[in-house]
Amino acid sequence: MTIDRSRIGFATAPTRVPIDARRVKLFCQAIGETDAVHWDAEAARAAGHAACPVPPTFLKAIEGEHCSSATLLQLLQVPLTGVLHAEQRFDHLAPVHVGDVVSVSRRIDRIDDKKNGALSFVVVDTDYRVGDRTAARSTQTIVVRNAVTA
Amino acid sequence: MTWPAEITLSSGPVTPVQLALFAAASGDHNPLHLDPEAARRAGFDTPLVHGMLSMALAARLFSQHLGVGCVRSLHTRFTGVARVGESIHFTATLEREADGLAHYALRSVTAGGGDVLAGTAVVGPPPP
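Going down the list, the sequences are from chains C and W. Here the numbering used here is used: position 88 in the first sequence is 88, and no number is missing along the way. Here the numbering used here is used: position 76 in the second sequence is 76, and no number is missing along the way.
Simulated from the structure, these hints should not be mistaken for laboratory data. Honestly, I wouldn't trust all of these hints.
If you want the footprint, here are the derived chain C segments under chain W, 3+ residues with CB under 8 Å [stated by the list, open to error]:
1) 23 to 34
2) 41 to 54
3) 74 to 82
4) 88 to 96
Residues of chain W clear of chain C, computed beta-carbon distances all greater than 10 Å [as the list claims (entries may be wrong)]:
5) W3
6) P36
7) D99
8) G112
9) P125
Each residue gets a CB set at the ideal place from its N, CA and C atoms; glycine is no exception.
For reference, chain W alone in the conformation it holds in the complex (with noise of 0.2 Å):
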């Protein structure tokens, strides 16, 4: 299998249903997510993105370009946050290939620039 240099995705703005969905089908009721008086509290201007919102679509990204159950590792830190409203910008950079897998460089920012995520995923090819 070759493996892409460089696969990107794009979530589009998160909207506030986007992550009253999350909230359910993921059991993650934390209203830091859906209140934003909560998220006040908090110390945010605004309800903020999942950091397992941003890990989904991180994985998803992979899944979309190398094939459903191309994923054996995912590693990510999160390192700023998402508001609700922001759209996320998903980019992975092949570092090295070993064994028929692939590892990637995981990196997530917003439409404004800041910091998501960063990582690092191992990939191989989709079970038979």
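So that you can see chain C by itself, here it is in the shape it has in the complex (with noise of 0.2 Å):
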């Protein structure tokens, strides 16, 4: 299959995801992170911190919550089967806390062909603010392996 290139330069509009404890105590039980600063705020403020941090990658689990990378696909009607990530980047420049309203917003970047056609790469840049400014970016990678995917 060949994947829509006029898709590219779509950008979502930002929509504002609240962060809250449980969901953040939640991804570190996943993760095995089992330093309670994240999700208590008390332990948080006696470790100096203004409020509970999210841990570096936690940005990512809330893109859902706007426009899920699985959304964009279909989008592009790219089935999930024979679709996987292949690189991710996150820059953090302010920390994120519990409490913060964090404004998400994505944009497809690029589509690339590789292998005569056999993979197709999906590049997502994503950006996170909280207030007037970029707390993180990231960017997402999707290879999709077209013979699985057919």
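Assemble the dimeric complex from its two separately framed chains, guided by the hints.
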């Protein structure tokens, strides 16, 4: 299959996602993180944090409340079978805490074919703002194995 | 701050329950990670560990050794797959220091030696 290139540059309108302690705690349980500063406000203050800081890759987890990668792939008419996560990057400019409201927006930056079209790479940039400044940015590269998808 | 030359973390066997918890926590409900039949349809003999779970463990490697909030940048390429039940071992090696930040090379492999991810991290002193 060939992915519709007209979607390159498609960007979502920002939506606001509140960060709640229960969600952060569940994420920590799943990744074996036992430091309570991430979900217990008292533990966070005792350790010198303004509030509970979220783990570095937690921001990926709130994308679903905005527009998940699965939803973006649906827009591109790519079935999930045959899709793998190839690469991920995060840049953290400021800490994000429980209680923050994060404004998330995503943009399809590139769609490239490799290996004579056997593989397609979809690159999605995500911006996470708290208040009037960008707290973090991420780049996700999704590989579509066209032989599996077809 | 003195940066250690090498830091490591081992996940222990990644269980189906952990993958289900991660699916709920991350919102990634791709059945490739949960359902053996879906994994077979995608060409794998068992469900796979979420790449983002491996990356979260890589981030924990740095937070645990160098302090919560130390990660300024984290970049990983998913160079292979980890299957449910496998342990994943993470190693970060100090490459250079510049402007108070440390640059680490990151690699993780399964207990069987299969590549899982490779990448880089930039870390700094935890914020005040």
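Practice task
Tell me, in ascending order, the numbers of any earlier hints that this structure violates.
Solution key: none
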